[in-house]
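K.L.:
Just so we're aligned, residue 1 is where the sequence shown starts under the numbering used here, counting upward by one.
Just to be clear, a hint being listed does not mean it is correct.
As the list claims (entries may be wrong) - Below, a list of computed lysine to aspartate or glutamate pairs in the EDC-like style, where the Cα atoms sit at most 20 Å apart:
hint	residue 1	residue 2
1	K429	D354
2	K462	D531
3	K31	E73
4	K318	D354
Keep in mind the hints are simulated off the structure, nothing from the lab.
Values in this document were obtained by computation on a predicted structure and should not be read as measured data.
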Amino acid sequence: MPFKHEIAAMAANALGVTPQEILPLIGKPPKEELGDYALPCFPFAKTMRRSPRDIALMICQADKPAGIERVAEAGGYANFYVDKKAYAEKVLSEALAMGRDYGREDLGQGKAVCIDYSSINIAKPFHIGHLSSTAIGHALYNLYNFMGYKSVGINHLGDWGTQFGKLITAYKLWSSEEEVLKGGIAHMLDLYVRFHAEAEKDPALDDTARAWFVKIEQGDEEALSIFTLFKDMTIREVMGIYDLLGIRFDSYNGESFYNDKMAPVVEELREKGLLKEDKGAYIVDLSEDNMPPCMILKSDGSTLYATRDIAAAFYRKKTYDFAKSLYVVAYQQNLHFRQWFRVVEKMGYPWAKDLEHVAFGMVSLADGGTLSTRKGNVVLLTDVLQSAIDRARVIIEEKSPGLADKDKVAEQVGVGAVVFGVLYNARIKDIAFSYDRALSFEGETAPYMQYTHARCNSVLQKAGENAAQFDYAALDNEYAMGVLKAMVAYKAALPEALSKNEPYLVARAVMETAKAYNRFYYEVRIIDEADASGTAARLALTRAARDTISRGLDLLGIAAPERM
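With the hints as extra help, turn the sequences into a complete structure.
P.N.:
Okay, here's the thing in structure tokens:
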């Protein structure tokens with residue numbers, strides 16, 4: 001926040017305290033007419049034995065630093081009014097110097113952050129329910145990289161479990177390699193759904209499925225060959241979606257990767273006296289933490305998700321030495337993560353505090369249905385993305401029939417619309433998926449921001465080169481100040497979004513910048529041949545707004561078309 005430190009120094013000097021005591025208290029007044037910054041004086045009333053009003057008046061009478069126009073008392077607050085020209089110069093000069101790096105800070109200093117997200121299941125469709133984890137995780141991946149960390153994107157593939165015994169059973173009864181290669185995930189989904197329908201009538205199929213999974217575990221050649229076919233087909237198909245979303249992972253180590261890494265975890269738990277027998281199974285007691293026990297081994301000796309997740313955490317700590325390890329997974333898994341995080345802590349590892357479950361709400365169908373793979377009632381993400389792209393293409397054809405690269409822009413706009421639908425609200429909120437709402441191009445949407453970015457480019461291209469000296473006084477109006485303040489809010493949103501793992505804070509800040517620029521565009525004459533220095537300042541503001549919107553969209557995983 002420009003001039004915040006100057007205000008803190010001024011107030012600290014007037015009250016005889018340190019600037020560090022003042023800084024956290026400085027905020028924004030509820031109304032613009034009350035100034036640019038507000039300092040509540042109530043916290044000092046007791047120690048100074050004076051009323052908040054008197055304390056505020058003491059600050060008002062102190063010497064003002066450069067850039068502060070006036071200070072006024074209102075209801076126990078000291079309200080600071082910034083000189084608009086000085087504000088414009090301070091913000092814009094920094095934004096122009098940094099370009100698309102405006103707001104970047106080296107908070108991470110190169111430390112690693114593991115982000116476990118998307119984590120698709122082999123042989124199951126990439127449906128709309130995966131969108132939240134994928135979009136949120138990708139935005140956090142970008143944000144951590146931007147703020148000085150080394151992001152490690154991990155797609156923890158769901159490539160283990162009894163469901164593969166079921167799928168092999170269905171494959172052997174009703175399919176072939178040729179049909180799998182031809183039909184891909186959709187065909188494998190049909191097999192999975194058919195298995196459950198048939199197993200309800202013939203329970204013996206479940207026994208056959210268990211036998212096939214045992215064969216996978218034992219390394220049976222035929223079982224592994226069919227399993228590998230399913231895995232290769234799934235990865236090949238979903239890579240097309242990841243390409244569309246602009247996502248690349250640093251690791252695809254899935255559940256099966258940790259098969260040989262769980263025994264040491266179980267042994268260490270046993271050596272440390274944490275493993276207890278319970279009805280033939282082995283657990284870690286968490287009653288002192290008011291949680292159910294964390295089951296480590298079933299009564300038949302097989303491991304569970306918790307065992308596998310603990311083994312994966314050890315592997316990732318050893319491999320990447322992470323400062324943080326994030327798990328972008330739906331909120332229903334909250335207890336699971338609390339349990340095994342606590343187990344790692346009880347094992348004596350201080351880095352357990354660096355494990356964090358980044359929970360998000362669920363996606364359901366707008367008609368109240370669920371996204372159940374067993375019944376086959378899924379909204380495929382590829383269908384949603386393609387529908388959005390098709391609709392975007394129709395709109396672009398209507399609005400800009402002469403636009404070059406219409407297909408590319410339609411793809412950028414359509415995909416952006418879907419991704420932004422997830423990222424514009426706090427991640428914990430549930431989403432009732434509706435085609436009409438998700439694909440609407442009205443209101444606060446990604447296409448609105450993308451169009452604003454293209455508008456900025458259009459203004460700059462129309463103006464051409466402008467070498468005139470800036471007259472920052474040309475930005476002394478509410479519309480230009482609105483853009484500058486929105487950019488300052490964007491800069492402040494980046495570290496806050498990082499600390500809370502909330503990409504929506506960035507999404508909202510970029511949207512506010514776009515809205516502020518459009519108000520400026522409609523209300524202010526940007527290019528004025530009779531006012532070269534004022535034009536230069538307004539074009540500089542346009543350039544800074546464009547770069548802010550461009551980078552903000554990039555952090556969210558949304559493309560910024562040059563023209564629309």
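K.L.:
Hint by hint, say whether it matches the structure.
P.N.:
Evaluation of the provided hints:
no.	hint	verdict
1	K429 - D354	violated, 24 Å
2	K462 - D531	holds, 16 Å
3	K31 - E73	holds, 14 Å
4	K318 - D354	holds, 14 Å
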